[in-house]
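K.L.:
Sequence:
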Amino acid sequence: MQFLHVDITIYVFFFLSQARGPKKHLKRLNAPKAWMLDKLGGVYAPRPSTGPHKLRESLPIIIFLRNRLKYALTNGEGKKITMQRLIKVDGKVRTDPNYPAGFMDVITIEKTGEFFRLIYDVKGRFTIHRITAEEAKYKLCKVKRVQTGPKGIPFLVTHDGRTIRYPDPVIKVNDTIHLDIATGKILDSIRFDSGNN
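According to the UniProt record's numbering, the residues represented by the sequence shown are 1 to 197, in order.
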């Protein structure tokens, strides 16, 4: 009987100690310094959802609306703005307030006619960079991988998780591509070389 009790204990411990999916919390002090959150603004910070950019290389839409643009005073107000389908990231409506916008992403607020591109300042923090409607039609992406897929189809993967098939053969890893956001087509490429701007 004693052995049976031990077996049940091990069985229960084994199944109760398993993971329960992704973490949904982020303590404010553990948030990236690039977000520039104040220490005394609460215990928690918005944790970015899973998406095209890494957690520490992204900025949730809610922080952009609330802390940078001051369009919302609270998390709830920011959520109401996103749920009204007013915010677009790279031309697609994003209703998740924790959606991770990252480097070179174009954020569009059609109701106010504003366009922003997320770029870093000299200290590695995200800044508000307003752009024109013409500039909002494209973005620059860094090439992370160039490979050949099934049936010999070449493709490349960019820093924001895009997979583009049949790229120009001259494009190599670390090069920059000039991408049309609406069509997803490559307009131009810039070699990763000394002296290139």
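Calculated from the structure, these hints are not laboratory results.
There may be inaccurate statements among the hints.
As the list claims (entries may be wrong) - Using 30 Å as the maximum straight-line C-alpha spacing, the simulated DSBU-like pairs for lysine-lysine come out as follows:
| id | residue 1 | residue 2 |
| --- | --- | --- |
| 1 | Lys54 | Lys27 |
| 2 | Lys123 | Lys88 |
| 3 | Lys137 | Lys88 |
| 4 | Lys172 | Lys111 |
| 5 | Lys80 | Lys111 |
| 6 | Lys70 | Lys111 |
| 7 | Lys23 | Lys111 |
| 8 | Lys137 | Lys92 |
| 9 | Lys137 | Lys70 |
| 10 | Lys70 | Lys39 |
| 11 | Lys23 | Lys79 |
| 12 | Lys151 | Lys123 |
| 13 | Lys151 | Lys111 |
| 14 | Lys39 | Lys27 |
| 15 | Lys79 | Lys27 |
| 16 | Lys33 | Lys70 |
| 17 | Lys172 | Lys185 |
| 18 | Lys111 | Lys144 |
| 19 | Lys23 | Lys80 |
| 20 | Lys123 | Lys142 |
| 21 | Lys54 | Lys79 |
| 22 | Lys39 | Lys80 |
| 23 | Lys151 | Lys172 |
| 24 | Lys24 | Lys70 |
| 25 | Lys172 | Lys92 |
| 26 | Lys144 | Lys172 |
| 27 | Lys80 | Lys144 |
| 28 | Lys92 | Lys33 |
| 29 | Lys88 | Lys151 |
| 30 | Lys151 | Lys80 |
| 31 | Lys54 | Lys185 |
| 32 | Lys185 | Lys142 |
| 33 | Lys123 | Lys39 |
| 34 | Lys54 | Lys80 |
| 35 | Lys39 | Lys172 |
| 36 | Lys144 | Lys33 |
| 37 | Lys92 | Lys142 |
Owing to the predicted nature of the structure, the values given are computational and were not obtained by experimental measurement.
K.L.:
None of the hints should be skipped; say for each whether it holds.
P.N.:
Verification of the supplied hints:
1. Between Lys54 and Lys27, the direct Cα distance comes to roughly 17 Å. Compliance with the 30 Å bound is thereby established for this hinted pair.
2. Distance restraint check for Lys123 and Lys88: the Cα-Cα separation of roughly 27 Å lies within the 30 Å cut-off, and the hinted pair is therefore satisfied.
3. Pair hint Lys137 plus Lys88 holds up; C-alpha atoms about 12 Å apart against a cutoff of 30 Å.
4. Under the criterion of a C-alpha separation no larger than 30 Å, the hint pairing Lys172 with Lys111 is inconsistent with the structure, at around 39 Å.
5. Between the alpha carbons of Lys80 and Lys111 the distance comes to roughly 14 Å, so the proposed pair stays at or under 30 Å and holds.
6. For the given pair, Lys70 sits about 16 Å from Lys111 by alpha-carbon distance, which is consistent with the 30 Å threshold.
7. Our distance criterion of 30 Å between C-alpha atoms is broken by Lys23 and Lys111, whose separation comes to about 34 Å.
8. For the given pair, Lys137 sits about 12 Å from Lys92 by alpha-carbon distance, which is consistent with the 30 Å threshold.
9. Proposed proximity of Lys137 and Lys70 is supported: the alpha carbons are some 25 Å apart, at most 30 Å.
10. The straight-line distance between the Cα atoms of Lys70 and Lys39 is roughly 18 Å, inside the 30 Å bound, and the hint therefore holds.
11. For the proposed pair Lys23 and Lys79, the alpha carbon gap of about 20 Å is at most 30 Å, so the pair holds.
12. For a cut-off of 30 Å, the pair hint linking Lys151 to Lys123 is broken: about 45 Å separates their Cα positions.
13. Of the pairs offered as hints, the one joining Lys151 and Lys111 is violated, with about 45 Å between alpha carbons and a cut-off of 30 Å exceeded.
14. Among the hinted pairs, Lys39 with Lys27 is consistent with the structure: their alpha-carbon atoms are about 10 Å apart, no more than 30 Å.
15. With a C-alpha separation of about 20 Å, the suggested pair Lys79 and Lys27 falls inside the 30 Å cut-off, and the hint holds.
16. Among the hinted pairs, Lys33 with Lys70 is consistent with the structure: their alpha-carbon atoms are about 19 Å apart, no more than 30 Å.
17. With a C-alpha separation of about 17 Å, the suggested pair Lys172 and Lys185 falls inside the 30 Å cut-off, and the hint holds.
18. Distance check on the hinted pair: Lys111 and Lys144 sit about 35 Å apart at the alpha-carbon level, beyond 30 Å; violated.
19. Between Lys23 and Lys80 the CA atoms are separated by roughly 24 Å; this keeps the pair inside 30 Å, and the hint holds.
20. This hinted pair checks out: Lys123 and Lys142 have alpha carbons roughly 20 Å apart, not beyond 30 Å.
21. A C-alpha spacing of about 22 Å is found between Lys54 and Lys79, which places the hinted pair at or below 30 Å, so the restraint holds.
22. For a cut-off of 30 Å, the pair hint linking Lys39 to Lys80 stands: about 25 Å separates their Cα positions.
23. For the proposed pair Lys151 and Lys172, the alpha carbon gap of about 20 Å is at most 30 Å, so the pair holds.
24. Between Lys24 and Lys70 the CA atoms are separated by roughly 25 Å; this keeps the pair inside 30 Å, and the hint holds.
25. For a cut-off of 30 Å, the pair hint linking Lys172 to Lys92 stands: about 28 Å separates their Cα positions.
26. Our distance criterion of 30 Å between C-alpha atoms is met by Lys144 and Lys172, whose separation comes to about 9 Å.
27. Distance hint between Lys80 and Lys144 is unfulfilled; the C-alpha atoms sit about 36 Å from each other, more than 30 Å.
28. Taking the CA atoms of Lys92 and Lys33, the gap is about 28 Å. The hint holds against a cut of 30 Å.
29. A C-alpha spacing of about 35 Å is found between Lys88 and Lys151, which places the hinted pair above 30 Å, so the restraint is violated.
30. For the hint pairing Lys151 with Lys80, the CA-to-CA distance comes to about 46 Å; that exceeds 30 Å, so the pair is violated.
31. Using a Cα cut-off of 30 Å, the hinted pair Lys54 and Lys185 holds, with the two alpha carbons roughly 24 Å apart.
32. Simply put, Lys185 and Lys142 have alpha-carbon atoms about 14 Å apart, close enough for the 30 Å limit, and the pair holds.
33. Proximity of Lys123 to Lys39 is assessed by CA-CA distance (about 19 Å); at most 30 Å being required, the pair is judged to hold.
34. Under the criterion of a C-alpha separation no larger than 30 Å, the hint pairing Lys54 with Lys80 is consistent with the structure, at around 25 Å.
35. In summary, the hint linking Lys39 to Lys172 is not supported, as the alpha carbons are separated by about 43 Å, beyond the 30 Å threshold.
36. Distance check on the hinted pair: Lys144 and Lys33 sit about 25 Å apart at the alpha-carbon level, within 30 Å; holds.
37. The hinted pair formed by Lys92 and Lys142 meets the criterion: a straight-line CA distance of about 20 Å does not exceed 30 Å.
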